[in-house]
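Colleague: Could you build the full structure based on these sequences and the hints that come with them?
Chains as they are written, first to last, in the working numbering: chain A, 1 to 415; chain B, 1 to 415.
Take these hints with a grain of salt, some might be off.
[Claimed, not checked] Distance windows between CB atoms, simulated: (1) A186/A with Q195/B: 49 to 59 Å; (2) P18/A with A267/B: 35 to 45 Å; (3) A186/B with A300/A: 52 to 62 Å; (4) G275/B with A145/A: 24 to 34 Å; (5) A362/A with A267/B: 48 to 58 Å; (6) A116/A with Q195/B: 38 to 48 Å; (7) G196/B with R146/A: 21 to 31 Å; (8) P211/B with Q195/A: 54 to 64 Å; (9) A300/A with P211/B: 47 to 57 Å; (10) A306/B with A213/A: 53 to 63 Å; (11) Q50/A with T324/B: 13 to 23 Å; (12) D316/B with A300/A: 46 to 56 Å; (13) R330/A with A142/B: 25 to 35 Å.
Calculated directly from the structure, the hints in this document are not laboratory data. Glycine included, C-beta positions come from ideal geometry on N, C-alpha and C.
2 protein chains.
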Amino acid sequence: MTARKDCIARDAQDPLAPLRAHFALPGGVIYLDGNSLGAAPVAAMARARQVIAEEWAQGLIRSWNTAGWFGMPKRLGDRIAPLIGAAEGEVVVTDSTSVNLFKALAAALHVQASRAHDARRVIVTERSNFPTDVYIAQGLAAWMARGYSVRLVDSAAELSGAIDGDTAVVLLTHVNYRTGYQHDMARISAHARAQGALTVWDLAHSAGAVPLAVNADGADFAVGCTYKYLNGGPGAPAFIWVPRRHQAGFTQPLSGWWGHAAPFAMAPGFAPADGIGRALCGTQPMVSLAMVECGLDVFALTTMAAVRAKSLALTDLFIELVETRCAGHRLELVTPREHARRGSQVSFTHPHGYAVMAALIARGVVGDYREPSIMRFGFTPLYSSFADVWDAVEILKQILDRRDYDPAAERAAVT
Amino acid sequence: MTARKDCIARDAQDPLAPLRAHFALPGGVIYLDGNSLGAAPVAAMARARQVIAEEWAQGLIRSWNTAGWFGMPKRLGDRIAPLIGAAEGEVVVTDSTSVNLFKALAAALHVQASRAHDARRVIVTERSNFPTDVYIAQGLAAWMARGYSVRLVDSAAELSGAIDGDTAVVLLTHVNYRTGYQHDMARISAHARAQGALTVWDLAHSAGAVPLAVNADGADFAVGCTYKYLNGGPGAPAFIWVPRRHQAGFTQPLSGWWGHAAPFAMAPGFAPADGIGRALCGTQPMVSLAMVECGLDVFALTTMAAVRAKSLALTDLFIELVETRCAGHRLELVTPREHARRGSQVSFTHPHGYAVMAALIARGVVGDYREPSIMRFGFTPLYSSFADVWDAVEILKQILDRRDYDPAAERAAVT
Numbered sequence: 001m002t003a004r005k006d007c008i009a010r011d012a013q014d015p016l017a018p019l020r021a022h023f024a025l026p027g028g029v030i031y032l033d034g035n036s037l038g039a040a041p042v043a044a045m046a047r048a049r050q051v052i053a054e055e056w057a058q059g060l061i062r063s064w065n066t067a068g069w070f071g072m073p074k075r076l077g078d079r080i081a082p083l084i085g086a087a088e089g090e091v092v093v094t095d096s097t098s099v100n101l102f103k104a105l106a107a108a109l110h111v112q113a114s115r116a117h118d119a120r121r122v123i124v125t126e127r128s129n130f131p132t133d134v135y136i137a138q139g140l141a142a143w144m145a146r147g148y149s150v151r152l153v154d155s156a157a158e159l160s161g162a163i164d165g166d167t168a169v170v171l172l173t174h175v176n177y178r179t180g181y182q183h184d185m186a187r188i189s190a191h192a193r194a195q196g197a198l199t200v201w202d203l204a205h206s207a208g209a210v211p212l213a214v215n216a217d218g219a220d221f222a223v224g225c226t227y228k229y230l231n232g233g234p235g236a237p238a239f240i241w242v243p244r245r246h247q248a249g250f251t252q253p254l255s256g257w258w259g260h261a262a263p264f265a266m267a268p269g270f271a272p273a274d275g276i277g278r279a280l281c282g283t284q285p286m287v288s289l290a291m292v293e294c295g296l297d298v299f300a301l302t303t304m305a306a307v308r309a310k311s312l313a314l315t316d317l318f319i320e321l322v323e324t325r326c327a328g329h330r331l332e333l334v335t336p337r338e339h340a341r342r343g344s345q346v347s348f349t350h351p352h353g354y355a356v357m358a359a360l361i362a363r364g365v366v367g368d369y370r371e372p373s374i375m376r377f378g379f380t381p382l383y384s385s386f387a388d389v390w391d392a393v394e395i396l397k398q399i400l401d402r403r404d405y406d407p408a409a410e411r412a413a414v415t
Numbered sequence: 001m002t003a004r005k006d007c008i009a010r011d012a013q014d015p016l017a018p019l020r021a022h023f024a025l026p027g028g029v030i031y032l033d034g035n036s037l038g039a040a041p042v043a044a045m046a047r048a049r050q051v052i053a054e055e056w057a058q059g060l061i062r063s064w065n066t067a068g069w070f071g072m073p074k075r076l077g078d079r080i081a082p083l084i085g086a087a088e089g090e091v092v093v094t095d096s097t098s099v100n101l102f103k104a105l106a107a108a109l110h111v112q113a114s115r116a117h118d119a120r121r122v123i124v125t126e127r128s129n130f131p132t133d134v135y136i137a138q139g140l141a142a143w144m145a146r147g148y149s150v151r152l153v154d155s156a157a158e159l160s161g162a163i164d165g166d167t168a169v170v171l172l173t174h175v176n177y178r179t180g181y182q183h184d185m186a187r188i189s190a191h192a193r194a195q196g197a198l199t200v201w202d203l204a205h206s207a208g209a210v211p212l213a214v215n216a217d218g219a220d221f222a223v224g225c226t227y228k229y230l231n232g233g234p235g236a237p238a239f240i241w242v243p244r245r246h247q248a249g250f251t252q253p254l255s256g257w258w259g260h261a262a263p264f265a266m267a268p269g270f271a272p273a274d275g276i277g278r279a280l281c282g283t284q285p286m287v288s289l290a291m292v293e294c295g296l297d298v299f300a301l302t303t304m305a306a307v308r309a310k311s312l313a314l315t316d317l318f319i320e321l322v323e324t325r326c327a328g329h330r331l332e333l334v335t336p337r338e339h340a341r342r343g344s345q346v347s348f349t350h351p352h353g354y355a356v357m358a359a360l361i362a363r364g365v366v367g368d369y370r371e372p373s374i375m376r377f378g379f380t381p382l383y384s385s386f387a388d389v390w391d392a393v394e395i396l397k398q399i400l401d402r403r404d405y406d407p408a409a410e411r412a413a414v415t
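Modeller: In structure tokens, the structure reads:
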């Protein structure tokens with residue numbers, strides 16, 4: 001069985017270990033919640049200072065041009081593109097994931113309607129999808145009326161059968177936020193296409209966590225989050241991917257001035273920009289946006305293959321140690337053991353999952369909790385170590401062995 | 001005629017003069033573009049450091065609760081409310097102005113449809129409105145199909161006649177971004193209501209610039225910008241106002257999880273939050289959002305009546321000095337002389353407006369240019385002085401007297 005000294009030895013040989021120094025992590029904390037909010041890159045503070053004290057305070061209005069503020073959504077998008085298997089000019093960083101989901105879904109429905117597939121009026125998604133994905137689909141479908149609806153599928157196994165001749169769009173989160181289950185993007189996209197449906201992928205728990213190949217896998221549209229595995233900062237703007245082949249037909253109702261072909265012509269009619277620019281809408285929050293680059297700078301020091309190799313090693317180790325050292329404590333693994341179906345988190349249920357997680361957090365092991373009964377542990381290879389895994393399990397074991405948690409603990413909102 | 005020493009004397013007596021010290025302004029610049037991007041409050045850097053280095057880097061995921069991140073859109077909204085004549089619980093700071101316009105327009109159309117006024121399918125606005133307002137209205141109308149359309153009115157004088165039995169919504173920017181013309185909110189809202197139409201007001205050039213009374217004036221919905229007169233930072237999130245009487249009926253398709261009654265119940269069906277919370281959609285950029293408070297803190301040191309009195313004094317002085325000292329130079333005032341119809345900017349046309357503005361900026365007088373031929377000068381009473389006005393006109397006079405500008409200057413994008 002793996003011992004702590006084995007973990008130390010693995011850290012010593014880990015090629016990604018030096019990247020931890022690029023993050024400002026608090027002392028006394030084992031941070032296993034990078035799947036919810038990524039850690040702060042050391043460089044973020046200096047970047048913010050540059051934007052605030054120099055570009056804003058000194059450059060003032062001139063910085064829209066001189067500091068490259070206008071171009072930032074595209075420039076950052078081009079840096080995310082290689083992490084998800086997209087091409088240059090196919091990604092912008094802008095707005096929230098929810099707003100980008102709305103754009104992508106609306107555009108996909110528009111493509112279907114313009115293909116004279118207007119009879120297709122169903123958005124297929126999973127009941128277990130992250131709520132905002134479902135809500136946005138419901139909001140859009142209700143708004144369009146005319147028979148548009150959302151079909152909620154109860155399990156991944158039922159998904160294929162649920163995609164049929166009525167299906168306009170299949171909306172899936174690639175890695176499930178609760179279970180860490182990873183869909184087969186290539187297989188599902190091919191199946192949807194064969195059925196005449198388009199796919200919209202939410203990469204919130206995938207970008208920066210697992211290798212992605214949106215173009216090669218035949219996905220149609222995607223959105224994603226920069227503040228989880230990409231370490232862009234709390235609530236940092238999200239991204240949207242529109243492949244070259246769909247850009248000319250990309251039409252959606254959030255037609256704000258940043259998506260216009262010539263925003264400063266101030267013409268009284270909307271004409272969409274060529275290319276990915278038409279996925280923009282309004283003015284973006286520059287300080288939060290600029291810091292996204294600091295997280296991406298760390299990814300530039302490694303490869304997604306290296307990140308994935310370490311992610312699987314960390315999650316394999318965590319599963320092994322929990323199942324051996326905490327055996328008999330009613331923990332049940334809900335994350336797939338199969339590597340191809342696993343994201344970069346491990347979730348266990350426990351009858352007192354909320355209370356146990358609260359006890360862990362109080363002892364400095366910061367994971368989080370999701371209804372029902374799920375304790376989530378995110379592993380972020382850029383700054384999680386093998387020793388972290390050992391120490392987290394040791395503390396979990398102590399809490400469970402000593403029943404050192406309060407089953408009556410109040411639930412508080414955690415994201 | 002006013003002399004420079006008179007301006008110095010007025011500054012010495014100006015009760016708002018001490019507020020200038022709350023802003024980090026560059027040396028050698030007379031900043032007259034706060035109507036486009038407000039200056040940086042001195043406190044902004046420290047606030048950003050707190051959010052980044054403490055709340056994010058040290059607090060990590062816990063800061064959503066412990067640092068009050070979740071509550072920030074409402075907390076900041078409650079601080080903007082008194083500046084616009086709204087009540088507590090009626091404003092949130094979130095998303096971009098464009099996205100909020102979409103929500104407000106969609107909700108207004110929904111109210112009309114639910115009143116069985118579904119025959120009303122026209123959004124009335126001005127051709128001279130800020131482009132994103134027109135584009136968002138066009139995007140929404142096109143998306144709804146079923147005969148919805150946008151009617152562009154060519155002048156404020158034609159507005160009343162254009163509001164008729166087909167009109168669902170009147171969408172107006174309260175102070176025009178080019179001319180500085182201020183609409184009569186009370187009169188137009190009353191007229192629209194008498195015709196059965198609802199009003200959506202864009203306060204981008206009004207909030208923090210002129211006194212507002214959205215509730216007393218009978219407006220129905222409003223949106224606004226925090227990065228102009230409110231000094232919230234480049235691209236900082238915008239705000240949306242939904243009065244108490246419209247909140248229960250506020251329905252729009254951007255139904256993201258932050259607008260849900262219980263976001264962390266993770267239920268697979270959207271149920272809107274009670275109150276203003278339903279105007280939220282997705283996760284907000286916390287660093288950019290937090291700095292909005294620094295701008296609002298300065299407003300807390302004065303009153304909008306005091307701001308308005310100084311604004312009118314500054315703009316009156318600027319008009320007087322330009323028209324006397326730069327007489328014969330083909331400058332034409334396009335901003336109303338009448339106080340009630342004027343915002344906090346002054347615009348002059350000049351046949352070489354772009355070139356003259358470029359020359360001014362090169363000499364440190366930072367205003368901006370808008371097609372066609374319009375030079376804009378924004379006056380922000382929190383940090384603009386009477387001496388600034390004199391010095392800006394002196395430099396303008398020198399440039400014009402000496403023809404010290406290049407009529408062939410290239411136009412560059414400025415916001």
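Colleague: Evaluate the given range 24 to 34 Å for the C-beta pair formed by G275/B and A145/A.
Modeller: About 26 Å separates the Cβ atoms of G275/B and A145/A, which means 24 to 34 Å holds.
Colleague: With 54 to 64 Å as the target window, see if P211/B and Q195/A comply at their CB atoms.
Modeller: Hint holds: Cβ distance 59 Å, inside 54 to 64 Å.
Colleague: Range first: 48 to 58 Å. Now tell me if the beta carbons of A362/A and A267/B are that far apart.
Modeller: At roughly 28 Å between Cβ atoms, A267/B and A362/A fall outside 48 to 58 Å, so the hint is violated.
Colleague: Is 46 to 56 Å right for how far apart the beta carbons of D316/B and A300/A are?
Modeller: 55 Å Cβ-Cβ, so the 46 to 56 Å window holds.
Colleague: Note whether the CB distance of A116/A and Q195/B lies within 38 to 48 Å or breaks it.
Modeller: Once the Cβ atoms are compared, 40 Å apart, the range 38 to 48 Å for Q195/B and A116/A holds.
Colleague: Between G196/B and R146/A, is the Cβ distance one that fits in 21 to 31 Å?
Modeller: Holds - the Cβ-Cβ distance for G196/B and R146/A, about 26 Å, lies within 21 to 31 Å.
Colleague: Holds or violated: the 52 to 62 Å window for the beta-carbon distance between A186/B and A300/A?
Modeller: 56 Å, holds
Colleague: Taking the Cβ atom of A306/B and the Cβ atom of A213/A, is their distance within the range 53 to 63 Å?
Modeller: 60 Å, holds
Colleague: Starting from the hint 25 to 35 Å, judge whether the C-beta atoms of R330/A and A142/B obey it.
Modeller: 56 Å, violated
Colleague: Starting from the range 35 to 45 Å, see whether the pair P18/A and A267/B falls in it by beta-carbon distance.
Modeller: 43 Å, holds
Colleague: With 47 to 57 Å as the target window, see if A300/A and P211/B comply at their CB atoms.
Modeller: Holds, since A300/A and P211/B (Cβ atoms, about 50 Å apart) stay within the stated range.
Colleague: Can the suggested window of 13 to 23 Å be confirmed for the beta-carbon pair Q50/A and T324/B?
Modeller: 43 Å, violated
Hints 5, 11, 13 from the earlier list are contradicted by this structure; the remaining hints agree with it.
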